[in-house]
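There are 2 protein chains.
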Amino acid sequence: MSIAGPLHSKAIELARHVLRMTTEAGSGHPSSALSLLHVVVALMYKHMRWAPDDPWNLAADRLVLSEGHAVPAIYAAYADLGGVVGNDPSSWRKLAVEELDTLREAASVLDGHPSPAEGFPFFDAATGSLGMGLSVAAGLGLGARLRKSDRRIYVLIGDGESREGQIWEAADFIADHRLNNVTAIFNCNGQGQADYVSPQQSPEILGAKLTAFGWEAVQVDGHDPDMLLAALARAVKSARPVALVATTEKGWGVSGLKAKSNHGKPIARTDLPVALESLDGVAARVTGGAAPLKDRPAQPAGSIELPHDAPIRMMPIEQGMEYAGLSAAWNKKMMATRRAYGAALLALGRADERIVALDGDVSNSTFSEMFAHHFPQRFFECKIAEQNMISTAVGLAASGYIPFANSFAKFLARAYDQVELASITRSNIKLVGSHAGVSLAADGPSQMSLPDVAYFRGYSTVEAEHGPACVSFHPADAVAAYKMARLMAEHRGMCYMRTHRPDVPLVYGPDQEFSIGGAHRLAEGDAVAIVSSGFMLHVCREVVELLRGQGIRCTLLDAYSFPMNPAPLLAAGRACGGRYLCVEDNYTGGLGSAVAEIVAQRQGGRVETMTCRRVPKSARTALELLRIVGLSPEEICGRVREMVRE
Amino acid sequence: MSIAGPLHSKAIELARHVLRMTTEAGSGHPSSALSLLHVVVALMYKHMRWAPDDPWNLAADRLVLSEGHAVPAIYAAYADLGGVVGNDPSSWRKLAVEELDTLREAASVLDGHPSPAEGFPFFDAATGSLGMGLSVAAGLGLGARLRKSDRRIYVLIGDGESREGQIWEAADFIADHRLNNVTAIFNCNGQGQADYVSPQQSPEILGAKLTAFGWEAVQVDGHDPDMLLAALARAVKSARPVALVATTEKGWGVSGLKAKSNHGKPIARTDLPVALESLDGVAARVTGGAAPLKDRPAQPAGSIELPHDAPIRMMPIEQGMEYAGLSAAWNKKMMATRRAYGAALLALGRADERIVALDGDVSNSTFSEMFAHHFPQRFFECKIAEQNMISTAVGLAASGYIPFANSFAKFLARAYDQVELASITRSNIKLVGSHAGVSLAADGPSQMSLPDVAYFRGYSTVEAEHGPACVSFHPADAVAAYKMARLMAEHRGMCYMRTHRPDVPLVYGPDQEFSIGGAHRLAEGDAVAIVSSGFMLHVCREVVELLRGQGIRCTLLDAYSFPMNPAPLLAAGRACGGRYLCVEDNYTGGLGSAVAEIVAQRQGGRVETMTCRRVPKSARTALELLRIVGLSPEEICGRVREMVRE
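Going line by line, the protein sequences match chains Z and F.
Residue numbers for the first sequence follow my numbering, beginning at 1 and rising by one.
Residue numbers for the second sequence follow my numbering, beginning at 1 and rising by one.
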């Protein structure tokens with residue numbers, strides 16, 4: 001029996017909210033929201049199994065709004081259904097319909113684009129930068145499968161948005177992993193922001209693309225409730241992932257919003273009555289004086305809660321190295337940080353079932369392959385598609401897992417926009433980038449990572465939910481990499497670790513501890529406090545020895561983490577007359593900037609910084625390349641001597 | 001008549017070089033290179049119209065190696081053909097075959113991955129981070145069409161690489177723009193780095209995808225010379241863009257390199273004789289004692305040279321505003337920097353035919369739409385696909401154009417990996433990001449740009465070809481935006497401009513000049529030197545007035561560009577007892593770091609910095625959000641008072 005009437009009726013009721021709230025806000029995207037109304041109503045009122053008073057339950061079906069600017073449609077439905085909002089149990093409350101008019105206000109939980117961290121727990125991830133939602137849905141789908149939950153994930157994607165390559169990375173990934181618990185709905189309203197969408201994003205070509213990618217594509221009228229519900233029912237039964245390609249109308253129901261010049265424009269306050277009247281006319285035509293909607297499907301039984309923060313009982317490093325089959329290398333006291341991290345990831349996986357790992361076809365370089373071999377169910381091969389990898393990790397984190405996403409540090413840069421959205425989500429993802437900096441040498445600059453230290457340090461001074469928006473770790477040896485991996489797993493929030501390709505000697509004993517913001521002093525002197533980390537710490541150890549032979553005694557500080565705690569730094573500097581030399585194998589904005597900021601804030605010394613001063617090229621050895629970019633031991637020694645002389 | 005014999009023979013000759021040079025280098029990807037041999041020989045020896053002694057000629061056909069790690073195959077062919085290398089006329093020379101053994105050496109032009117800037121002018125763009133080549137080819141294709149040249153562009157793409165979403169962004173773009181002068185060859189050797197490629201990247205599914213994207217997909221045996229040449233000939237005649245989906249064998253001809261564990265592994269020196277012998281056996285089977293290859297097609301007549309650096313005669317700002325239809329706003333002395341930039345782009349387009357523009361469906365927000373309306377032939381709508389936009393701009397720059405790529409600053413972050421590759425290319429692209437920083441307010445953090453200042457500043461201290469790897473501009477008003485757009489156009493090298501959404505009053509008169517690294521002093525005082533730029537400069541002007549009312553006189557410096565010239569900064573600080581307060585609407589790593597570095601290097605003062613200290617959310621006004629993130633005028637005043645008191 002058709003329920004088109006009641007669904008239309010509800011759609012029109014929500015349309016009124018959408019118009020009013022965006023007019024009140026003075027900004028927003030009502031025309032996009034209106035194009036999605038019937039899809040939203042079909043999902044949230046009729047198809048999805050969820051409970052508005054329990055949006056945290058991992059058993060419930062889930063909705064990802066990839067085209068985040070259409071969010072007023074969701075807010076309206078959620079308020080109408082009595083959905084719960086708030087950041088913590090003390091502030092939980094039903095979202096009142098009147099509260100919709102606070103859209104985009106400073107104190108409102110209704111942000112301009114979906115943002116779970118500001119008190120709207122119906123969403124799992126911040127969206128709004130386009131093209132990420134299908135990947136988040138993939139992560140949620142993986143999480144559901146891991147938990148053996150039959151929850152289903154729905155994701156709403158704009159037609160213009162489907163131009164973003166990440167959508168097709170996600171389409172491949174979902175096909176590879178046969179995630180038929182994910183259903184995508186493409187909202188084909190035919191209009192982008194500046195113009196109509198390209199024919200390449202028409203329903204026909206989108207359908208053909210999806211079919212070629214191995215999906216079942218179902219063409220539907222996005223304003224036909226019966227057709228939508230039938231297609232959604234079909235998706236539940238399909239062995240393949242299903243995409244609904246929904247032809248819709250931008251500004252549905254409101255003639256003043258249908259032209260292509262109306263993207264992102266609310267109706268002026270004075271025009272609102274006419275627009276609402278226009279909806280009355282539509283209502284008279286389509287609802288047939290329908291009865292109210294009833295019978296929402298129940299949330300699946302068996303509430304699943306997010307796992308508690310439990311301490312992680314990771315095996316000690318010697319045992320971890322043995323477990324990873326690395327005892328020989330360990331005993332030689334020579335190991336690349338990336339390899340030690342691989343052993344740590346394996347040990348973490350053994351210690352805690354929440355640990356999962358992702359890689360982008362380089363697991364034999366990042367050494368996540370050890371984890372993959374031991375825990376194939378918790379390892380997700382993303383192939384060469386880093387954007388999808390990061391957003392998928394966000395979906396896994398929202399499912400209560402602690403995902404470690406691995407690639408060359410250089411290739412993680414492919415996903416910096418996704419990283420930023422993860423920071424808005426306050427997602428608990430862990431990023432590990434290998435082969436960073438100039439020590440990679442022979443492969444050349446296209447494989448190195450040089451702006452990453454500055455990029456991630458930027459987040460370290462920004463408050464997020466449980467601390468900085470991102471904590472960075474720069475291990476110099478195997479012990480540091482192993483211990484820092486554990487710090488990452490235990491810290492709640494985004495973390496970044498930067499590892500290097502070359503084998504390096506051990507600096508630390510197996511019992512050395514590390515902490516967020518900490519630093520270790522490795523040599524004592526009074527000439528200059530040399531501050532470094534990672535691979536360059538080894539070059540600086542050599543420098544300290546060379547200088548000692550020349551009668552110059554330097555302090556050496558391993559400042560391995562951002563945000564940087566000023567105390568150990570300033571103590572090191574005091575011993576050296578306030579002379580600091582920072583040495584880093586990356587572009588400006590990292591260690592030297594952090595030290596200069598701390599010192600200059602206190603008017604306390606002189607800071608010189610040596611960074612990579614030239615775009616690198618290939619060289620057969622790290623030492624040769626260090627010479628080319630101005631970071632050889634000789635040049636560092638020379639700089640220290642200058643500082644001492646001045 | 002079949003020329004399979006001679007082509008096989010040449011392929012085997014090159015294979016020997018590939019094996020030897022990678023063994024000599026001790027690193028590299030011989031197995032990938034071997035899978036491409038026949039494609040390379042068919043193109044470089046038989047199909048492409050080019051001259052090895054004239055690689056700079058814009059009339060010649062062009063090859064883009066997207067899977068950059070396979071480059072030894074190209075190097076071997078280029079040396080065999082007597083291709084010219086060198087960075088400038090004084091160093092031009094034929095690449096000797098013996099020089100192949102310098103692969104990856106510090107002094108070699110043969111970098112580990114394609115890198116035109118290190119002396120290998122056969123390439124237009126650095127590649128090696130995967131998935132970018134098809135977009136570069138699209139830019140070269142657009143450039144050829146603009147010049148009415150019939151040059152053709154060939155691009156070699158790995159099968160695993162085609163997982164990168166950018167490939168599909170480029171496929172859409174090339175279909176939209178009907179660039180049938182671009183031919184893609186997908187190298188389906190079936191192996192990635194860590195494992196076999198996914199079935200999603202099999203020749204069959206790749207072919208189906210390409211067909212769905214509107215391409216003509218031709219399945220070929222990538223080691224069958226006749227079939228390759230016939231397909232290439234067919235591509236020349238096709239009205240649609242053509243892709244050859246070439247099934248190949250990784251490690252072709254060398255049994256020891258065929259297993260999937262051999263990605264990126266050269267043959268050990270001791271095993272080289274056996275491998276070369278294995279090639280002898282293949283040669284005996286396939287070459288048929290062939291005659292040498294002859295008859296390369298001639299380079300098209302009519303040499304086209306890169307246009308000279310000519311000064312750009314841009315109309316004065318008043319005239320420019322009138323030309324853009326902005327006289328009314330100009331006369332009110334209130335205008336957003338993004339709008340003034342739009343007028344500047346239009347005036348630049350009128351002044352110089354080398355100016356081209358790209359946008360990602362936001363031209364009515366970035367105001368590149370004015371350029372689009374006046375110069376539709378030189379405007380390229382990229383739709384919502386920023387990665388493709390940036391790499392396409394690199395292709396246009398390599399064709400002698402000066403491309404301005406426009407989007408929200410936030411969405412340019414989508415392409416930071418592409419930006420980094422552009423820096424390795426030393427590409428002359430201009431990036432303009434609008435709606436940056438917290439002043440966007442209502443739309444929320446998913447649309448702002450917060451780590452961008454630190455990211456781009458990192459490049460400003462790195463030497464590239466004609467100056468810093470990237471110059472950044474942060475205009476505070478319409479005059480600054482207009483003049484800085486011209487500085488960007490005239491500067492040879494990558495530039496980034498960050499504009500803001502809100503209308504702001506004019507700070508400068510129409511004759512004010514600006515320079516790379518410059519700064520302007522806007523208020524004189526002795527209390528604290530406030531250093532700011534962009535939107536926050538207006539907040540700081542208010543702060544200066546507020547403090548003046550309290551008897552505190554501050555110096556205000558507009559430090560609008562990176563790299564920062566220390567002189568005006570230090571002069572401003574000296575007047576204020578060495579007290580600096582930096583104010584910026586972004587995350588750490590920008591202005592405050594630059595100032596701290598300069599001051600701390602000279603042991604000359606105290607630097608406080610106020611950045612965005614919390615992940616932003618929506619607010620209805622910029623002022624409300626400034627309060628939330630700790631940047632309100634009151635807080636800035638408070639900090640100044642503290643500094644003065646201390």
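Rather than coming from a laboratory, the hints here were simulated on the basis of the structure.
A few of these clues could be false.
Note: identical chains are not told apart, hence a pair may lie in one copy or across any two.
Stated by the list, open to error - Okay, derived cross-link-like pairs now, DSS-like style, lysine-lysine, Cα gap no bigger than 30 Å in a straight line:
| id | residue 1 | residue 2 |
| --- | --- | --- |
| 1 | K237 | K260 |
| 2 | K258 | K332 |
| 3 | K332 | K265 |
| 4 | K332 | K237 |
| 5 | K46 | K332 |
| 6 | K94 | K265 |
| 7 | K333 | K258 |
| 8 | K294 | K237 |
| 9 | K265 | K333 |
| 10 | K294 | K332 |
| 11 | K237 | K148 |
| 12 | K148 | K333 |
| 13 | K258 | K94 |
| 14 | K237 | K333 |
| 15 | K265 | K148 |
| 16 | K294 | K46 |
| 17 | K94 | K332 |
| 18 | K237 | K94 |
| 19 | K333 | K294 |
| 20 | K94 | K333 |
| 21 | K258 | K46 |
| 22 | K260 | K94 |
| 23 | K258 | K148 |
| 24 | K294 | K94 |
| 25 | K237 | K258 |
Being a predicted model, the structure only gives us computed values, none of them experimental.
Hint by hint, here is what the structure shows:
1. K237 to K260: neither (37 Å within a copy, 37 Å between copies)
2. K258 to K332: neither (71 Å within a copy, 33 Å between copies)
3. K332 to K265: Cα proximity of K332 and K265: across copies only (24 Å, versus 66 Å in one copy).
4. K332 to K237: For K332 and K237, the Cα distance exceeds 30 Å both inside one copy (56 Å) and across copies (63 Å).
5. K46 to K332: The answer is neither: 64 Å in one copy and 54 Å across copies each exceed 30 Å.
6. K94 to K265: Within one copy only: 29 Å inside a chain, 60 Å across chains, cut-off 30 Å.
7. K333 to K258: neither (69 Å within a copy, 34 Å between copies)
8. K294 to K237: Within one copy only: 24 Å inside a chain, 61 Å across chains, cut-off 30 Å.
9. K265 to K333: Classified as between; 25 Å across copies, 63 Å inside a copy.
10. K294 to K332: neither (70 Å within a copy, 57 Å between copies)
11. K237 to K148: within (17 Å within a copy, 54 Å between copies)
12. K148 to K333: Classified as neither: same-chain Cα gap 43 Å, cross-chain 63 Å, threshold 30 Å.
13. K258 to K94: neither (33 Å within a copy, 62 Å between copies)
14. K237 to K333: neither (56 Å within a copy, 62 Å between copies)
15. K265 to K148: neither (43 Å within a copy, 41 Å between copies)
16. K294 to K46: Only inside one copy: K294 and K46 sit 8 Å apart there, 71 Å across copies, limit 30 Å.
17. K94 to K332: Classified as neither; 61 Å inside a copy, 47 Å across copies.
18. K237 to K94: neither (34 Å within a copy, 64 Å between copies)
19. K333 to K294: Classified as neither: same-chain Cα gap 68 Å, cross-chain 57 Å, threshold 30 Å.
20. K94 to K333: neither (59 Å within a copy, 47 Å between copies)
21. K258 to K46: Within one copy, since 27 Å is at most 30 Å while 54 Å is not.
22. K260 to K94: The answer is neither: 36 Å in one copy and 56 Å across copies each exceed 30 Å.
23. K258 to K148: neither (44 Å within a copy, 39 Å between copies)
24. K294 to K94: This pair counts as within: shortest intra-copy Cα distance 19 Å, inter-copy 79 Å.
25. K237 to K258: neither (35 Å within a copy, 42 Å between copies)
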